[in-house]
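Participant: Next come the chains, spelled out residue by residue.
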Amino acid sequence: MREALPHSLPRQLDEPDRAIVTSTRKRSDGLAWFDAWLLRRRGLAAVALWCSLVAIYQIDDSVVEEGDAIANVELPIALLRTGKLHFTPRLSPIVFLWKSKPPLRERDDYYVRSWHERHEGRAAGFWYVTGKLELNGPRYFAVESPLRDAYVCTFGVIAGLTLLPLSALFSATDPDFMRSEWLKLSAAKLHASGLIAASAVLLFLLAFRYVRPRYALLLATAYALGTCVWAVSSDTLWQQTVSIVLLSGVMYAFVRIAEDDSQPARIWCGVLLAAALANRPTAVFFAVAIGVYLLRHRPKALPTIAWSGLPILIAVAVYNQYYFGSPMNFAQELIGHQIAIQKTGVEQIWQTPLIVGLVGLLASPSRGLLVFSPFLLASAFGVRRIWLEPKYATLRPLTVAAGAIMLVQCKWFDWWGGWAFGYRPWLEAIPVVMLCMLPVIESIFSRWWSGALFAAALAWSIFVQGVGAFAYDKHWNARDLHRVDLGGIQHSFFTTEQEALQYAAANSGEYQGLFACNIDLPMCRYRLWSIDDNIISYYMHERYNVARDNRTHSGLRHLLRLP
Amino acid sequence: MRPAARGFLLGAIALAVVIVGLRLAIGAREWFYGDDFFFLTWVREAHWSWRETFIPSSARWIAAYRPLGLDGYYVANFALFGWNAFGYYVTGLLLQALTGYAVFRIARYYGLDLRVALASGLVMLVAKPSSTATYEVANHNYICAAMATALALLWFLDYLRSGRARERWASCSMLAIAVLCNEISAGMPFTAFVAALFVHSGPLPARARKSARDLWPHLAVVVLFLDFRVSGVPTRQLNWFYDVDVSLDMLSNTRGNLELVMGGKLEFCAAVGLLALVVWSRFASHRRGVPFDASSQLVQLALVGAVWLGIMLLPFAVLALPTARFALALLPPAALLLGAIWEALLPRLRPAFRSPALLLALALLAPWRESLEHLNTSRGAAYRDAHEIAVQALRANTKSSCVTVVCNGPGLANGSQCALFRDGAFTTAFWSSVDPHRALAIDYSEGGSEAFLEQVRNVHDCVRFYLQRDLTVSTEPPSNAGDASLLSAR
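Those protein sequence lines, which keep their order, are chains A and B. For the first sequence, my numbering assigns the number 1 to the initial residue and increments by one for each residue that follows. For the second sequence, my numbering assigns the number 1 to the initial residue and increments by one for each residue that follows.
One or more of the hints may lead you astray.
[To be verified] Among the chain A residues that face chain B by a calculated CB cut under 8 Å, a handful are:
| id | residue |
| --- | --- |
| 1 | 64 |
| 2 | 351 |
| 3 | 353 |
| 4 | 355 |
| 5 | 356 |
[Stated by the list, open to error] Computed cross-link-like contacts, DMTMM-like style, restricted to lysine to aspartate or glutamate with a CA-CA straight-line distance of at most 25 Å:
| id | chain 1 | residue 1 | chain 2 | residue 2 |
| --- | --- | --- | --- | --- |
| 6 | A | 391 | A | 176 |
| 7 | A | 101 | B | 52 |
| 8 | A | 411 | B | 227 |
| 9 | A | 99 | A | 65 |
| 10 | A | 343 | A | 35 |
| 11 | A | 84 | A | 35 |
| 12 | A | 474 | A | 174 |
| 13 | A | 84 | A | 333 |
| 14 | A | 474 | A | 261 |
| 15 | A | 343 | B | 227 |
| 16 | A | 300 | A | 261 |
| 17 | A | 391 | A | 35 |
| 18 | B | 210 | A | 389 |
| 19 | A | 474 | A | 532 |
| 20 | A | 343 | B | 183 |
| 21 | A | 411 | B | 370 |
| 22 | B | 265 | B | 113 |
| 23 | A | 99 | A | 520 |
For the record, the hints were derived by calculation from the structure and aren't laboratory data. Beta carbons: idealized from backbone N, C-alpha and C, even for Gly.
Excised from the complex, chain B in its bound form:
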């Protein structure tokens, strides 16, 4: 290994260790959060079954059909770690590391420099969404889907190179896993199709035919999945939640999602600027007489990355809900595109500056400020405390018939930040440590439901705890209850 590469490798390892260490430190202080409580309750209910998970007979409260990314993920992790949320977090981290490996391999497939390929893989670990959007286990289905999609593409590329049937079927199986983790992966065959177009020879229609023939098992998987998703899964999704908006807003939604991928406006603008620089420099070279090689591996990678990113962005763009968890699924193609940009720009620098520049770029992508802030503030910990207090109160107060933790008071805007409450029934299965004949109510309602609060107020003999805006738990109702402006303040 050349000294420059060795230096980069050491620097990258150091950076990865620091970032992973930070993420683990934050993870150790966090607890379950938001929708996690729904799934932790659901997968432990008596009538839960694998059959019901994969072939649901009725709609659940959260009707997303992601049997591997949600139910299966919670079941496996609960079996391994129980109520230890840190274990779930480590699982997510390992999956992201595996995705990083897949991105590295794809980058190498397209001939990227070892350092650049490594940096692309490391983006999966250091990018901002990886550090901020992974504490809620319910978001991990995006990590699983990204990992499985990246591996499916990688093995398909391997198949294209070697022609070995086992790699094709491995890729197809991984695609099946990906779509069962999150339907967002259903566009993978199109990305693979574009990649295959470059591999085959002959005129475009012949190449397209060969590529389609290579991909027929993948297409079959996608068709079967989408058909089942549409006609076989009972739906109960809230209308406003998936309000499809096909308009010019798609552009601003796309920009919002890309900003979340890159970690902020500045980073997004920097990436766009660098991309523009690459395009301009190629154009300038062309004008100076350097032929533009449209079939070069770098252009292929850029095209494959752009198609992958575009396909992944499309459903998010029409949903008008840019959130960091979407960015988790967008990271692999974004990392490949960044790799293509770096590969194009790196030769412009002096050799001595190349490794430091790459390391600097990676370091700039890492969310240092947010991570350090996060070390002092734990969102999930408030729920852990609420849980413990509630359990203790219920044990101590033998007269009360229930304990209510009102989590989505006016201080907390999102109703799904707390645990399960369905159809007015208090769930008892959630905490096995509590006497099952005693009810424990945890609010789960939409956007701070006044109806729920009213219902809780009318329950007699109930010990109530209120989750405050500062994420502490109090027995007093929030003094500013009903102040709608606070809802939007968060």
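Extracted from the complex, chain A is given alone in its bound form:
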């Protein structure tokens, strides 16, 4: 090739070119061995990454009882006990509302975790048989079947079923397991962290195809520790936790189909996609985007994908038919309107203005993606490259699907994701957001300043997630604030009594004392936009120690028989 160059080419130009090449090579030599090692020991690196992440996720040594996850955790227990996929008040009291009478505190939504739990000095079961506790319907995470005398999980069965093997194992090794919510939650956290670590490993293996191994490892680590998958998804068995790992698997299999025409990947893609669809309807965007792409580029793969996913879809259809009378009736859909009315006063579930949800999930001080994980901003530049450069054409349908999911979540009435830490509604899309960083990650680190900026943003993100993982106890979502009524429907809330009294005096308002200002209440929703009252500083400065104490100690040591 060199001989083909014209001899008249000025010699002077060669020198700096060579010098640049040499210096680049010198710079990269430092870590070239690491790249080579990762490339050679890819499997070992993946296993090591998975183990490290699971360990890190458990390091906070605590669990939080999240409402959305309770039914998912309870489902395998119900299945193991009764062989059925629904709950009964007798076996799963935690899934139900209880109406309590004195000497218990009178409430319509009394909380009973188990019949052995002690209330006013006696087991809850005692109060039940003496008529002091009466069933008052299911909590929002269970739905009454209109056809049968049964209550089923609002969030489907897939999430719960993934926990079945671990639940079976622990119930076989620990006789207390089935009766202890504490142990169930600890098992759920172990399971969830395993799933999220698996999604990070899949991302790592996928990134191998596009960037040098060290950057693949960096991206997987950044995803696992710098995004809310650590503070939220790995903490317990959310429906989304399962969705994240299933969609990560779908992405991996899809890329293998598109680029390698892999036969096993077709089957995996179909199975995982069907499971993701059965678990959460938003996966339909992935199904459509991937389907359209494969139809154009790998049409022969589609029948295999469809056949391999069909059994799962048929099973879910049978389940829906059995409990709801139609294969297309989903529990989440049935209850969605009720929750929308409770939270917003309006029945429509697609009621949020797109721009409100978008700005909120991007920049809200207590929910914003760019606040909790600012390093993800780099993905915006990556998306452009993905659509401009043919090398990344395979990733295009994934960006479409993730974008659609993110937009849909912005329109959802509950765009802030209820009680949560960070941008929970967007978590399913985060693996794709990370993939969007592939085209730019190497160029970010080719300049010192952009590398430093990225590193600083990533450090902040990991710190914030750490705060969430260690200290988030849900309390911020309904923290006590000092309330002043200004007449009519106008209310103002203050963090200190002095501020509230001063404001009341200045505006002829009436000081009402402390009020649990729940962000799900329309009058308290302003808090999502408040810089002073933001969730990060709340757990970082104001409440870290108290919140740590509020979190229940993990029962993992007990389960694993560790000292």
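We have chain A already, so just place chain B on it with the hints.
Facilitator: Relative to the frame of chain A, chain B by itself:
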């Protein structure tokens, strides 16, 4: 510059000076009018805020969501001019001049002769709606929207030519401003799409794809705006006010709106006739063997202008409410279409006649008669007088608990011609010069509300003034009260 062009320029400047002078003279005699009082009250209320303006938590009496064209416009102008309505009018005039500049630039982009492009720009200043529909400041949101839309299109065309990203984002930002002035601008991306189709090369689907790619930020702005407008803004609009009527009446509504744009039936017919002449002459040339160049710049301009006008006309056509204020938004595309017609016809005239013909056309578009009549009759001045009388009466009459100016008696058909009256509560925030503990009631009701009049009659210790049909203020009730025929007479 050629002598002919120089002559035209001098003539155009003279015409513009006369028209602008007339408009300023009329503006100096006018005062606030109709819905202005609602906004002047609203933006000065204690609970007004920018947040409430852009993200309203509850519906206002006038529920139109135009945060920049209404609230923002009043806030900015009130800060600058206070109760001096003339200042607001000058602002509107300047915005129209800026729109004229944008129209001129777009016309030049499509290769129109300098004189024709100038004449197209001047249409913005001399056309009848500019002289008759701009005294009510509440109408200025149409001027703002027209200006921002024209600039957005202009900068998008600049982007298409240069490929510079900053022009694209400037265009996108201007579109955001336009839709926040008035939702009528939301169709701009479609006009820009048609314009972009001509710029790109290749088969139509490829051109369409490239054009759509160029316009994605604009589409995002429009989608976000419309979505927020539909699901984020509390509505309290009167049903009859926006009664959508999709039928053959749309044609007559369209004709009505176009007549208002052109200044009357005669002018509209003349424009249609000239357009027909252009089409016929092209057809005749084609039959004589002259090839019809479908991609010529003139045809492109005509198409872009027609699409722009059509998109703007559509919402007005289904509303069955042709009014001159709508015409303010329709003027830029109409001016471009007129420019295309003039450009096509001008070469048919002898060179010596071209400049005078253009000047004559512009002069014919100007509403001379109405302007001169308007110099002697001021609608808004009646409200100014009523205001002053009411304030003086309230100061002088210490016993009365309120002063009522009944503005929409049977002599004045439109209830919104006067100031704010909401839910039976007398507003006190309107006039800061009045003791805030003393009430001052100004009727604001729909179509001359009898209920309101009844309510006013039942208020004790109230000094009442009645606005007469001749726009004078009297302490006596109109003698012909209750004569419904008079309502429709105006």
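Participant: Would you mind confirming whether the straight-line C-alpha gap from residue 343 of chain A to residue 227 of chain B stays at or under 25 Å?
Facilitator: Roughly 21 Å separates the two Cα atoms, so the pair holds.
Participant: Run the distance test for residue 210 of chain B versus residue 389 of chain A: straight-line Cα separation, threshold 25 Å.
Facilitator: It holds: about 16 Å lies between the C-alpha atoms, which stays within 25 Å.
Participant: Can you verify the interface hint for residue 64 of chain A: is its Cβ closer than 8 Å to any Cβ in chain B?
Facilitator: At 33 Å from the nearest chain B Cβ, residue 64 of chain A fails the 8 Å test, so the hint is violated.
Participant: Keeping to a limit of 25 Å between CA atoms, is the pair of residue 99 of chain A and residue 65 of chain A held or broken?
Facilitator: holds (21 Å)
Participant: Measuring from the C-beta of residue 355 of chain A to each C-beta in chain B, is the shortest one below 8 Å?
Facilitator: With a minimum Cβ separation of about 5 Å from chain B (threshold 8 Å), the hint on residue 355 of chain A holds.
Participant: Go through the hint on residue 353 of chain A and say holds or violated, using the shortest Cβ distance to chain B against 8 Å.
Facilitator: Hint on residue 353 of chain A: holds, closest Cβ of chain B at ~3 Å, below 8 Å.
Participant: Taking 25 Å as the top limit, are the C-alpha atoms of residue 391 of chain A and residue 176 of chain A close enough?
Facilitator: violated (54 Å)
Participant: Close enough to count: is the Cβ of residue 356 of chain A nearer than 8 Å to one in chain B?
Facilitator: holds (6 Å)
Participant: Between the alpha carbons of residue 411 of chain A and residue 370 of chain B, is the straight-line distance 25 Å or under?
Facilitator: Violated, at about 51 Å.
Participant: Is the Cα-Cα distance between residue 343 of chain A and residue 35 of chain A 25 Å or less?
Facilitator: Violated. Residue 343 of chain A to residue 35 of chain A sits at ~51 Å, over the 25 Å cutoff.
Participant: Identify whether the interface hint at residue 351 of chain A stands, where standing means a beta carbon of chain B within less than 8 Å of its own.
Facilitator: holds (6 Å)
Participant: Between residue 343 of chain A and residue 183 of chain B, does the CA-CA distance stay at or below 25 Å?
Facilitator: violated (30 Å)
Consistency with the previously given hints fails for numbers 1, 6, 7, 10, 11, 12, 14, 20, 21 and 22, ordered from lowest to highest.
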